[in-house]
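*Asks:* Chains A and B, in that order, are what the protein sequence lines are. According to our numbering, the first sequence is numbered sequentially starting from 1. According to our numbering, the second sequence is numbered sequentially starting from 1.
Hints are computed from structural coordinates only; laboratory data are not their basis. Just so we're clear, the structure is a prediction, and the values are computed from it rather than from any experiment. Any given hint could be a false lead.
As the list claims (entries may be wrong) - Derived list of chain A stretches under chain B, where covered just means 3 residues or more per stretch with a C-beta under 8 angstroms from a C-beta of chain B:
no.: 1; region: 11-20
no.: 2; region: 106-113
As the list claims (entries may be wrong) - Calculated pairs, DSBU-like style, for lysine-lysine (alpha carbon to alpha carbon, straight line, at most 35 angstroms):
no.: 3; chain 1: A; residue 1: Lys82; chain 2: B; residue 2: Lys498
no.: 4; chain 1: B; residue 1: Lys324; chain 2: A; residue 2: Lys58
no.: 5; chain 1: A; residue 1: Lys136; chain 2: B; residue 2: Lys395
no.: 6; chain 1: A; residue 1: Lys103; chain 2: B; residue 2: Lys326
no.: 7; chain 1: B; residue 1: Lys433; chain 2: A; residue 2: Lys136
no.: 8; chain 1: B; residue 1: Lys498; chain 2: B; residue 2: Lys326
For each residue, glycine too, the CB sits at the ideal point set by N, CA and C.
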Amino acid sequence: MLFAPVNRIIPFSNVDGPGNRMAIFLQSCPFQCWYCHNPETINMCIHCGICVPGCPSKALAMTHGKVHWDESLCEQCDSCIKICPHLASPKILTMSSDEVIDKLSEVSSFVRGITVSGGECMMHPEFLEELFGKVKALNMTSLIDSNGFVRFEDYPRLMDVCDGVMLDVKATDPKFHQQLAKHDNASVMDNLRYLLSVNKLTEVRIVCLPRFDEQNRKTIEDVVSIVKDQARIKLIRYRPYGVRKEGLDILGSASLDEELFLEYRRYAQSLGAGEVVSV
Amino acid sequence: MSTAYEIVTDTTLTYHQQFINLAKLGENTDTTLPYNPEFLKAKEAGMICDLFEGALPFRPRYILPDYSILMKNGSKFLQLDPPKDIWEATSALMIMYRHVPSVSSFPVFLGNLDELLDPFIVDEQEATKAIGLFLLHIDRVLCDSFVHADIGPKDTKAGRIILKETLRLQTAVPNMTVRYDSELTSDEFGALCAEVMLSTAKPSFANHKMFSAEFGEKNYGLASCYNGLRLAGGGYTLPRLRLANIAKEATSIDHFKNVLLPKYVDLMTEFMDLRIRFMVEDSAFFKSNFLVKEGFIKQENFVGMFGLVGLAECVNTLMGIEDKKKGYGNNKNADDLGEEIIAHLDHLVSLHKAPYSENSADRYWLHAQVGIERDGLDSSPGARIPIGSEPEIHKQIAHSGRFHKYFPTGIGDIFRFEETWKNTPESLLDIIKGAMNAGMRYFSAYCENNDVVRVTGYLVKRSELEKLDRKEAVLNGATVLGQGSRDMAHALDRKVTK
Ligand code: SF4
Ligand code: SF4
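Work the whole structure out from these sequences, hints included.
*Replies:* This is the structure we're talking about:
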């Protein structure tokens, strides 16, 4: 049985794929995007203990050099993740695939399946393969929400049990991607083509940023020229909520102008995209 | 109760509202019915409540006429021929509504509108206009939130037009239910209903399979808040046990179950017997009303509704639980006791032979009453979990599934959703399907920022609440109830599903 660090599980989610789904967020991500809305999912906790005294409900304690989180005492005030200087969270549960399936069973009559997100869930591909096999046995579907860092073609057995991938393409310009996410995008672009070729590309997600009109347009152009009308394109409007200071300094504390955002949508459509949704 | 002088000088009441209040005042001067002094004592002490039905019942509380008879035969008393087109059909219904009595003197059941109107839909544009005007008329003339229309379970042209116009008009009246069965209702129609519900707080979803099993597939309707009643019949009367208060009198769980409950069940059933006998045997209604004479209703299709409120607080009191978040709805032992109490109550009620309840197995049927504004925070509606203490939505649904089967004449839950759900009505439909499979009888939802919102079972407009806050008269008589429930029971602060 395999295990993975779970940041949280949302029993009902209407934004992570078709229909109502259970959304599972796994911890850790190789990217560090300017606009990350949940930076506490980026790193694994290093058990430095800095967050422990800041917990108002005594839900955190250090035992044998490790932070221990008592879920029953936690008020979900999120003080700990605001305090943590390491882009981590002490509220991580290490769960087995069976434990995740148990959670799914509680809501199985209300959902069509699961969507696994992060962090970057593809940091745990073997776990996903095991989990998705069990989900399939329940006659439900499994989707992946990924930043495309890990190459999907290296995991053919996972692809067999995965019903689709929602892929973030943060930027198609390699240099800009490097600045924005602190990593290049070679594997992201390969994944885009690969997933399309094996018919597992459910959706491509592009975040439209203020102050980077040219990059926004370039990413939309390049993605549409590859994907054409073969997958839904979801344009996401930059919003400053949860973004840390580094990102706010570069992107500002206002959401992307609504008119401009709608213009991007029309632009994508004019280039021959199929379904374009904007959120 | 206000005095006549107070009523006629109250500037927040419309003329019609004053008129109804004055009539009630008059009715209550009568002393014909020999109410048991023990009952009156229990009422005074807050153990039983008669919901201000009036001292001398001169009509059943809720009436569900079979309007298909109007479509087929017209009405002799109303001098109406059977309608031939959509204009005549909507006009005939509007005329008849004026003559259907109820406890509020507004008709609480408008019929299965899509079934009634679908045969008349020839030109869709014309039908849209006719139905739009019909719905507008209902909101402005039958201005009471307990006026209720049904649609479904089948996907029809008329049903879609009704939903489209409901979305456009954004009115609180009529309250509306879709009778939903995932095997009979198309996903497209279900999702359309969910979409309209998220924007206007209606229609609510009724579990058609469940109601059909109890009443027969074509034999029921949803009236008033969420009251499941027999078509061509209705509900005679609805008093309620105030379980939260009764629990305070108990010295132990055993005392509550085996001494107090039987005592109050006896007092309440005796009270119901008395009123129903008078209604059927003495009042003019069942003898001379055209609804009876022309077959729109039949006496044997009526049932007495045995109401209760405050199960949550009752259980918490009996178990000595002070923190609501750790009590009923969030605690297996508390939920078990809750179900044990309801099952026991149902048994006690079933032992009593109810008069004139021929088609209802000669017994009174349980109803989870939604509460009234003055109940405040100490008594949650029916068997609901207290507002502010709701667990995650799937747990709340599972909880409802345990209790809904006991209440054929009405129980339901309301869920508040965040705005993003408006973009994904099919996701909400997934939840509703799951809820019905889990045994939920009645599911209502609305979005946080709507103008039309669901209070406890009925709808009000926030904009009208604001008018009332400024002490201006408003058209809808139920707005004042909504104001009370908002202020005293925090009825609009329920948990939001993100
Ligand atoms: S969120 Fe963190 S700080 Fe807040 S109660 Fe829970 S563990 Fe403590
Ligand atoms: S969550 Fe952050 S602050 Fe707390 S122990 Fe882990 S790394 Fe340190």
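*Asks:* Are the hints correct? Go through all of them and say.
*Replies:* Hints, one by one, checked against the model:
1. 11-20: holds (count 7)
2. 106-113: With 6 residues closer than 8 angstroms to chain B, the region 106-113 of chain A meets the three-residue bar; holds.
3. A:Lys82 to B:Lys498: holds (22 angstroms)
4. B:Lys324 to A:Lys58: The given pair, whose Cα atoms are some 22 angstroms apart, holds under the 35 angstroms limit.
5. A:Lys136 to B:Lys395: holds (24 angstroms)
6. A:Lys103 to B:Lys326: holds (21 angstroms)
7. B:Lys433 to A:Lys136: holds (21 angstroms)
8. B:Lys498 to B:Lys326: holds (22 angstroms)
Figure legend: structure checked against the earlier numbered hints; every hint is met.
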